[in-house]
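> Given chain R, put chain C in place with the hints provided.
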Amino acid sequence: MARQNGAKSVAIVLATGSYEREAPTTVLRLAEKLLERGVNVNVWAFEEAVTLTNKDQIDHSEPGALQGILGEKHSHVSKYIDMLLRAGLHGAKLDWVSCVLCVQERGVEKHQMNSVTIGTLGDLWKFVRAADRVITIPSYR
Amino acid sequence: MAEKTLVIFEKPIYLCMEPVDPHLFATAFGVVETPVEVNVLLRDSAVTYAVERQDMKGAKVLGVDVQEFDTNPARVVKFMIENGGQVYVVREDAEARGIAPTDLVPGVRLISREETVGLIENHDAVMVW
Numbered sequence: 001m002a003r004q005n006g007a008k009s010v011a012i013v014l015a016t017g018s019y020e021r022e023a024p025t026t027v028l029r030l031a032e033k034l035l036e037r038g039v040n041v042n043v044w045a046f047e048e049a050v051t052l053t054n055k056d057q058i059d060h061s062e063p064g065a066l067q068g069i070l071g072e073k074h075s076h077v078s079k080y081i082d083m084l085l086r087a088g089l090h091g092a093k094l095d096w097v098s099c100v101l102c103v104q105e106r107g108v109e110k111h112q113m114n115s116v117t118i119g120t121l122g123d124l125w126k127f128v129r130a131a132d133r134v135i136t137i138p139s140y141r
Numbered sequence: 001m002a003e004k005t006l007v008i009f010e011k012p013i014y015l016c017m018e019p020v021d022p023h024l025f026a027t028a029f030g031v032v033e034t035p036v037e038v039n040v041l042l043r044d045s046a047v048t049y050a051v052e053r054q055d056m057k058g059a060k061v062l063g064v065d066v067q068e069f070d071t072n073p074a075r076v077v078k079f080m081i082e083n084g085g086q087v088y089v090v091r092e093d094a095e096a097r098g099i100a101p102t103d104l105v106p107g108v109r110l111i112s113r114e115e116t117v118g119l120i121e122n123h124d125a126v127m128v129w
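Sequence lines, in order, name chains R and C.
With my numbering, letter number 3 in the first sequence gets 3, and the count goes up by one each step, no holes.
With my numbering, letter number 29 in the second sequence gets 29, and the count goes up by one each step, no holes.
Calculated from the structure, these hints are not laboratory results.
Every residue gets a Cβ at the ideal spot worked out from N, C-alpha and C, and that includes glycine.
Just to be clear, a hint being listed does not mean it is correct.
[As the list claims (entries may be wrong)] Ranges between beta-carbon positions, derived for each pair:
1. R:Leu89 to C:Ala96: 43 to 49 Å
2. R:Ser139 to C:Gly107: 32 to 38 Å
3. R:Thr117 to C:Glu82: 32 to 38 Å
[Said to hold, decoys possible] Below are the DSSO-like pairs computed for lysine-lysine, each with C-alpha atoms no more than 27 Å apart in a straight line:
4. R:Lys8 to C:Lys11
5. C:Lys78 to C:Lys11
6. C:Lys60 to R:Lys79
7. R:Lys126 to R:Lys8
Looking at chain R on its own, in the form it has when it is part of the complex (with noise of 0.2 Å):
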């Protein structure tokens, strides 16, 4: 339920995979600020950002001819999200919550970070219902 004076509570809805928008980047950034204030983070990954909390990623090399550039590898964004929930540990708390549907649609349900929770759509509810303010992101951001 709405307060009228400082959020508490923040839900975020996420809908944009990895290394496709800036999006997945400024909620991290978005949340590690929330964190910092005492606010609690909920975010619902669905649709394709479900893919960023795949454990499976790796730092992986650019190609040789464009390491000049880009240099000779890239992290990988399940790393910041790791980051953000151990800092949730010592203060506020973070909650990553990934869609069961969207997951086994994907076939990446095996393959979540341990420290993120698969929900239901039941859950984007109760998140959206208990949060002082709700931010949603659609996948085309």
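Chain C alone, transformed into the frame defined by chain R:
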């Protein structure tokens, strides 16, 4: 056979956890590592890819750089030009965003929106990202 390909960018992608927009570096790979002649047209909001002095180093999560390597789209544009790729920017789209010719990477060619039609006609294939 598509010996000469025009790659068109319309919407830029920044800070997607790749060093740059993956479509952009795939295009650069085509320029430098394949026998296909690859040229680039930046239109709509993607004209920003040719703007010099872009800087992504401020983006961090818990103090860790989102981009570990200091790169940006303009570096890739410059690299493509240095390796024989032609990079065109739609003048009207740049002007609409307050981007002056002096803001652009040297070697980028400004063309009018009308001239893009001829550019498309002069290529065997067109890829739009």
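> Work down the list of hints and note, for each, if the structure agrees.
Checked hints:
1. R:Leu89 to C:Ala96: 43 to 49 Å: holds, 47 Å
2. R:Ser139 to C:Gly107: 32 to 38 Å: About 36 Å separates the Cβ atoms of R:Ser139 and C:Gly107, which means 32 to 38 Å holds.
3. R:Thr117 to C:Glu82: 32 to 38 Å: 48 Å Cβ-Cβ, so the 32 to 38 Å window is violated.
4. R:Lys8 to C:Lys11: violated, 35 Å
5. C:Lys78 to C:Lys11: The hint holds at about 19 Å.
6. C:Lys60 to R:Lys79: Between C:Lys60 and R:Lys79 the Cα gap is close to 13 Å, so the pair holds against 27 Å.
7. R:Lys126 to R:Lys8: Holds, at roughly 15 Å.
Of the numbered hints listed earlier, those contradicted by the structure are 3 and 4.
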